[in-house]
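There are 2 protein chains.
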Amino acid sequence: MAALPRRVVVREVGLRDGLQSVATIVPTAAKIEWIRDAYAAGQREIEVGSFVPPRLLPQLADTADVLAFAQTLPGLRATVLVPNLKGAQRALEANAEMMLLPLSASHAHSLANLRKAPDDVLAEIANIRAERDASGRRTQIEVGISTAFGCTIQGEVKPEEVVRLVQAALDAGVDAVSLADTVGYADPAMVSRLFERVLKVAGDRLVCGHFHDTRGLGLANVYAALQLGISRFDACTAGIGGCPHAPGASGNVATEDLTYMLHSMGIETGLDFDRLLALRAKVAHWLQGEATHGTIWKTGLPRTMKKEVAHA
Amino acid sequence: MAALPRRVVVREVGLRDGLQSVATIVPTAAKIEWIRDAYAAGQREIEVGSFVPPRLLPQLADTADVLAFAQTLPGLRATVLVPNLKGAQRALEANAEMMLLPLSASHAHSLANLRKAPDDVLAEIANIRAERDASGRRTQIEVGISTAFGCTIQGEVKPEEVVRLVQAALDAGVDAVSLADTVGYADPAMVSRLFERVLKVAGDRLVCGHFHDTRGLGLANVYAALQLGISRFDACTAGIGGCPHAPGASGNVATEDLTYMLHSMGIETGLDFDRLLALRAKVAHWLQGEATHGTIWKTGLPRTMKKEVAHA
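Line order of the protein sequences matches chains A and B.
Per the numbering used here, the very first residue in the first sequence carries number 1; after that it's consecutive.
Per the numbering used here, the very first residue in the second sequence carries number 1; after that it's consecutive.
Hints may be right or wrong, so weigh each one.
Given that identical chains are not distinguished, each listed pair holds provided it fits within a single copy or across any two copies.
Below are the SDA-like pairs computed for lysine to any residue, each with C-alpha atoms no more than 20 Å apart in a straight line [as the list claims (entries may be wrong)]:
#: 1; residue 1: K158; residue 2: R303
#: 2; residue 1: K282; residue 2: D272
#: 3; residue 1: K116; residue 2: H285
#: 4; residue 1: K158; residue 2: M305
#: 5; residue 1: K158; residue 2: M265
#: 6; residue 1: K158; residue 2: L301
Source of the hints: derived by calculation from the structure; they are not laboratory data.
Looking at chain A on its own, in the form it has when it is part of the complex:
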């Protein structure tokens, strides 16, 4: 059990994990406004979209344009999701700072999501690493182990398989790995056990936790990971999020709820809470008719939280 981190990065994934799971197509101009406002609120890591075929996810068809805008903001680490070598080539062409490669620990989810078994995805990851090296780009490669705590299609996912895939991904030369509870099956005890095991293999290359709040345990799970020293978490403004190929997966941890918890605990995020709430209102407006989530926007901060803390 490590001391809690003094500082945590809240990585905004609403523009990717969030928007891929709603029918509404948010116009490019609104996405740019979203990124501008998130940046003004202090966010410095934003997943801006996916390089997937537009016919599969028309909501993210403008990813290249959105990424190009994000790259104009100094100090912003814009990341893109990349499902295969072709997507990676586009990310390298665009000189993305980071590409996130999903690797399902569930065989069934891997087939549904990428039409490849996990070991075939690993082979593709090795190709992507080679392509990156050949390109001369500095684009970082992070592998996100999805369905790491179970799968709505397959059911159980063995921790041994997660550890094996993490080791294999690191052997294939990726820069970082993260663990994702894609479908909201994790509880804090599971998080403690699995992160502890993966830390033994990956050390500080385990860089992020990705939790869905589908069953109300998202922030409890974050707290369990924080206790192991994990200091980066994915979150979606307004708690949107899901996976088109994981039925019943919905609702990432809300950016504003996560930020509230961290600030209340005295953990720095560099984020301006009021600006996050204002952005949440905009996003909810753009997504009128879609389900949004989260709690703190309804109740507001405790009066015991001083402005300095709220804006830490």
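With the hints as your guide, set chain B onto chain A.
Chain B only, in chain A's frame:
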């Protein structure tokens, strides 16, 4: 940091904390059905009402009748809230197994809720202890430290004051104490710190954690207390709950969400999850038009949770 408890008691407080905070008056027959169903689901500790003047809380005016029914169920520990000596006399007359005495750590909340400063409440608690001894009853006395993590009226509540009040209550001869986040201001780090301090004073007489989910941290807070070995938590079916004299206080941790988290973590509760969900539906029906809360009733259990676990 203790090992997580193997078994936890989920104490149902919906009939008191829940119903006192809604305008709807639930008929006595429905309350009896609630208790019968909760008992059939495995609940063995239920707070059935308050001995307060009916003009203040007409929703709980039938507490004596509800308690009398609860006392017919073998092995059920029925508790009542008691705000003063007069209420305690009624609880003793009724031979309640346990009476819960609220003691606000916030001076301002204490005045608003009981029209007495905390030290005057302590004097009353000593009188209640004397009355109990004189009565020859075995009625246990638990003091619930309310607003232990802050107050919507007063703002900050100092941990030193909580520790002082716990010590004073124990000195006054109460059998047990519990800590309550009446207004949903706690975060897991605060819970760890305050429970740790109070455990040093109270040891195993610190018997329960009472968390509101007003800002989405209820279950994270439970997890923090579990890590210190706390093995009893208050919860309300359908996540109802609040305090008439604590503006903005709403939503206890939902019984069914808490039970899901505990079962998922392999912690026994003796509760039948499906029966809890069926009861939740009934309660929501009785409270039509009132706000209800909770998550797991919307999404259902993960398919990885086997029936044996769900019904552990």
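Q. From the Cα coordinates, with 20 Å as the cut-off, is the pair K116 and H285 best called within, between, both, or neither?
A. neither (37 Å within a copy, 47 Å between copies)
Q: Please work out whether the CA atoms of K158 and L301 approach to 20 Å or closer within one copy, between two copies, in both situations, or in neither?
A: The answer is between: 18 Å across copies meets 20 Å, while 39 Å in one copy does not.
Q.
If the cut is 20 Å between Cα atoms, do K158 and M305 qualify within a copy, between copies, both or neither?
A. Intra 41 Å, inter 14 Å, cutoff 20 Å: inter-copy only.
**Q.** Intra/inter-copy verdict for K158 and R303 if alpha-carbon distance must be at most 20 Å
**A.** Between copies only: 14 Å across chains, 44 Å inside a chain, cut-off 20 Å.
Q.
Please sort K282 with D272 into within, between, both or neither, judging by C-alpha distance up to 20 Å.
A. within (16 Å within a copy, 42 Å between copies)
Q: Could you figure out if K158 and M265 sit no more than 20 Å apart (CA to CA) within one copy, between two copies, both or neither?
A: Between copies only: 16 Å across chains, 33 Å inside a chain, cut-off 20 Å.
Violated hint: 3 only; the structure is consistent with all others.
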